[in-house]
Every structure is written in C-alpha cells, then in structure tokens.
Amino acid sequence: MIWILDLLILLLVVICAIAAINVRDLLSATIIFGVYSFLMCLLWAEMGAVDVAFTEATVGAGVSTVLFIAAILHTSRRSKD
Amino acid sequence: MRQLQQRVETQQQVGESLITQTAVRLLVPFVQLFGLYVIVHGHYSPGGGFQGGVLLGSSFIMLGLAYDQKTVLRLMSERTNILFGNLGALIFTGVGALCAIFGGLFLDYSALDVLIPLGPIEWRSFGIFLVEVGVGLAVMSIMASLFWDLGSAGQMDEGL
Amino acid sequence: MKALALLATLVTGAILLYGTMDFPAWGDPQAPAAGRLSTHYIENAIDETHVPNLVTAVLGDYRGYDTMFETVVIYCAGTVVISVLRRTRKENPEQDS
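Protein chains in written order, with my numbering: chain A, 23 to 103; chain B, 13 to 172; chain C, 5 to 101.
Pulled out of the complex, with its shape left as it was, chain A reads as follows (with noise of 0.2 Å):
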C-alpha cells in the first residue's frame, strides 16, 4: 500500500514543479520550493535514506529558502516577463 503514499507525493512535487516555474511572484516562487523540499525530504524518508532525508530537511527547505529570500529582498520582488 506504501506505492498510492509514493504516488501521491509524486504527484505533488511535479505540481510544485511546474507551479514554481509559472506563478510570477518571486517570494511565492521561493515558498513552493520550500514545499518542494519538504515533499522530496518525505520521498527520501520514505524510501529509508533517512540521512539524506535530514539533509534535504536543513539544507533544501531551511538554508537555501532563507538564502532566496535575503536575495529577493535586494532585488524587484515581480518578474518582469
């Protein structure tokens, strides 16, 4: 039954995949990635690399969300295109 949870959360990234990509708000951008990192870390935690789940935990989702962040607030916060 572990494979409709596999599903599931595969379905989810593609969608936070394509969402990032198209909405035109950075900072909106930015947060689905966080999302995106999260689902990935319960992908890893799911297939038992526990490790890597951690890492995918602090670095993905924590660190570079922040890091986005302190780069959008030094530039305009709307895509131009």
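No lab work stands behind these hints, which were simulated from the structure alone. Worth double-checking, as some hints may not be accurate.
Stated by the list, open to error - With a cut-off of at most 20 Å between alpha-carbon atoms, the simulated SDA-like pairs for lysine to any residue come out as follows:
| hint | chain 1 | residue 1 | chain 2 | residue 2 |
| --- | --- | --- | --- | --- |
| 1 | C | K6 | A | A42 |
| 2 | B | K82 | B | T32 |
| 3 | C | K6 | A | I40 |
| 4 | B | K82 | B | L127 |
| 5 | B | K82 | B | F138 |
| 6 | C | K6 | A | N44 |
| 7 | B | K82 | C | R90 |
| 8 | C | K6 | C | G17 |
| 9 | C | K6 | A | A41 |
| 10 | C | K6 | A | I53 |
| 11 | B | K82 | C | L89 |
As the list claims (entries may be wrong) - Beyond 12 Å from chain B on every Cβ pair, some chain C residues (computed):
| hint | residue |
| --- | --- |
| 12 | G17 |
| 13 | T53 |
| 14 | P56 |
| 15 | G64 |
| 16 | G68 |
In this text, a Cβ means the ideal position worked out from N, Cα and C, and glycines have one as well.
With the hints as your guide, set chains B and C onto chain A.
Only chains B and C this time, still in chain A's reference frame:
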C-alpha cells in the same frame, strides 16, 4: 526611560516585532543544543557533521532574521566566525595529515594509535568523531557568513 | 520559440525516461551496486570501525577522501562569497553617507 523610548523608535523604524524576537530568543538555545546532539550522536543515529553544522548555522541565521546585524555580531563576531571555519577545515585535513605523518595512509585513523594507545579499531571510531566535529564547525561558519553577507549586501550593519 | 523550447524539453525528458528503463528495480539484491562492495560494508563495518550507523562509517572512514573535499568545496564557496560581497566601510565613504 529615554533609552527605552529610543529603542522602541528604532524598532518601529527597522520593523522588528517583539513576538518574533522573544520566540527566537527562546528557540535559539534549543536549536544549538539539537545541533550539537546531531553532531555528537552521529555514530548512532541519522545525522552527522554536515547536518549538525547547518543546524548550528541556522541558529545564527534566525538571530539575524529577528534582530539586526549588530546584535548578532555582538554575540558572535565576524573574526570568531571565520576562525571557526578555518579551524574546522584545519581539523579535517590535519587529522588526515597526522595519520600520514605517524606512518599510516592518508585518513587512515588507525595509524593514530601511536599517539594515544586506544586500539586501532577504537581509533577509527574516534577519528570519525574528530572529522565530524571539523565538518560541523566549517559548515556552521560558512552558512552563517553566507546569510550575513547576502542579507546585508556586505555592509554588515543591518539585517534583512 | 516557445513551442521549440517545449519540444526540446519534452524530447529530453522522454530520452531520460527511456534511460531509466535499464535501471535495476528499487531494493533489488541482484543490482550491480549491491554486489561485493556493499555486502562487505554491511558485514564488516561494525567490526572494523565500531560505528553502528553505516552511513557515518562509510562517509567518515571508507570514503573519507570524498567527505574531505566536500568540506573543502563548501569552505571555498564561503570564502569566495565573503571576498566578493563583503565590503569595508572605508572604501567609499561618500556613497555611504
């Protein structure tokens, strides 16, 4: 009284909030304790130097988010931070070089048995611990300084 | 131009998906990665290093050289960011005020 008035005024200018500051002040010791636990307990549970170092660095990032940069630099000056980073990288490479100096291969920790006779197998375990501490220190310093430089655009006077 | 980019993305994705068809199944004991080296680590890591967490034993001891240069890469990245972004206030006092 006048000092308090001044402090409230600067807080309103910079846009700091009392709730965030109190929450961060309560949370930071526990995050640092958890980071140390992850580094030290990496032999028995998931985790290790890299994850623990990121947790330790993120505690300074949280301080920089809630307060301004000057408060963080008073707690952990830039010179100390860079010293920690250099020390971490030096511990890792130094342990490897010591192994080569005392007659083993590079990063073969069982050669350090000549220094303190613990037994070669126990030295391999202890060498992994030393190396993890080095990785943790280096990653903590680099993560904190990355945020400090990116968040304040290199000026180091105010936070985000 | 947008259709061309979409076409390139779709074709690349299809080729990558086609490449994964030759991969061994997840958790397959007959996979090449689960051959002699992996079983050697699983059987001997605790006896040789006294570390119960296999991931830490492999990262810190058997593959210590990889971990060392990972640390060096992170250290170099941090040093470069500091040296590019950090500016002291003495350089341009007119612009600051």
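Hints, verified against the model:
no., hint, in the structure
1, C:K6 x A:A42, "holds (18 Å)"
2, B:K82 x B:T32, "holds (17 Å)"
3, C:K6 x A:I40, "holds (16 Å)"
4, B:K82 x B:L127, "violated (44 Å)"
5, B:K82 x B:F138, "violated (38 Å)"
6, C:K6 x A:N44, "holds (14 Å)"
7, B:K82 x C:R90, "holds (15 Å)"
8, C:K6 x C:G17, "holds (16 Å)"
9, C:K6 x A:A41, "holds (18 Å)"
10, C:K6 x A:I53, "violated (26 Å)"
11, B:K82 x C:L89, "holds (18 Å)"
12, G17, "holds (31 Å)"
13, T53, "violated (5 Å)"
14, P56, "violated (6 Å)"
15, G64, "violated (4 Å)"
16, G68, "violated (4 Å)"
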